[in-house]
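The sequence shown begins at 1 in the numbering used here and counts up one residue at a time.
Treat the hints as calculated values from the structure; they're not laboratory data.
Built from N, CA and C at the ideal position, the CB exists for glycine as well.
Check the hints yourself; a few may be wrong.
To be verified - Computed spacing ranges between beta-carbons, pair by pair: (1) D105 / S59: 27 to 33 Å; (2) E12 / E56: 48 to 54 Å; (3) Q6 / E56: 46 to 52 Å; (4) E12 / W98: 45 to 51 Å; (5) F10 / T43: 51 to 57 Å; (6) V35 / E12: 37 to 43 Å; (7) A77 / N41: 37 to 43 Å; (8) T31 / Q95: 29 to 35 Å; (9) E9 / K101: 37 to 43 Å; (10) Q95 / L7: 37 to 43 Å.
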Amino acid sequence: MLRHPQLQEFSEKHELPLVTISGPIRYRSRTETLVQRMGANATKVSTPSGEFLAVEYKSLVQKGQTYHALVFGDVNAQKSVPVFLIEDGFEAGLQAQWAQKHVADHGSGRLIYIHGASQLLQISGELMAGSERLATGSLQV
1 MLRHPQLQEF SEKHELPLVT ISGPIRYRSR TETLVQRMGA NATKVSTPSG
51 EFLAVEYKSL VQKGQTYHAL VFGDVNAQKS VPVFLIEDGF EAGLQAQWAQ
101 KHVADHGSGR LIYIHGASQL LQISGELMAG SERLATGSLQ V
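Let's have the full structure, built from the sequences with the hints guiding it.
And the structure:
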């Protein structure tokens, strides 16, 4: 498999444009909205680590998928803030406690709770398996 320098050389030699996957990803990240905030107001939530604002979002891509974000401090005031993704389950509760403390110690940050993460992983796996079968010609349509 060719690396970027070899691809650059090949594209120049054959007068082909060189496009990397990072370009479309950056573009889509800037221009596409994947979630929508539900409700105009955030709810205050008190935790042992401090007071967070709870905001609910829904996916515009996956029907029925929702997310809850706990926001601590002014996340817009800093260039970089910690963000933690937390899925359902007991272990996630321990992760959430640790993440809340870390965010509070930092002064600002977000915790994003992903409901039904195992279902999302299953769907992702099925899509990946489907594209693999399609590439090898073994997909039954």
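Hint by hint, where does the structure go against what was stated? Just the numbers, ascending. 7 and 9
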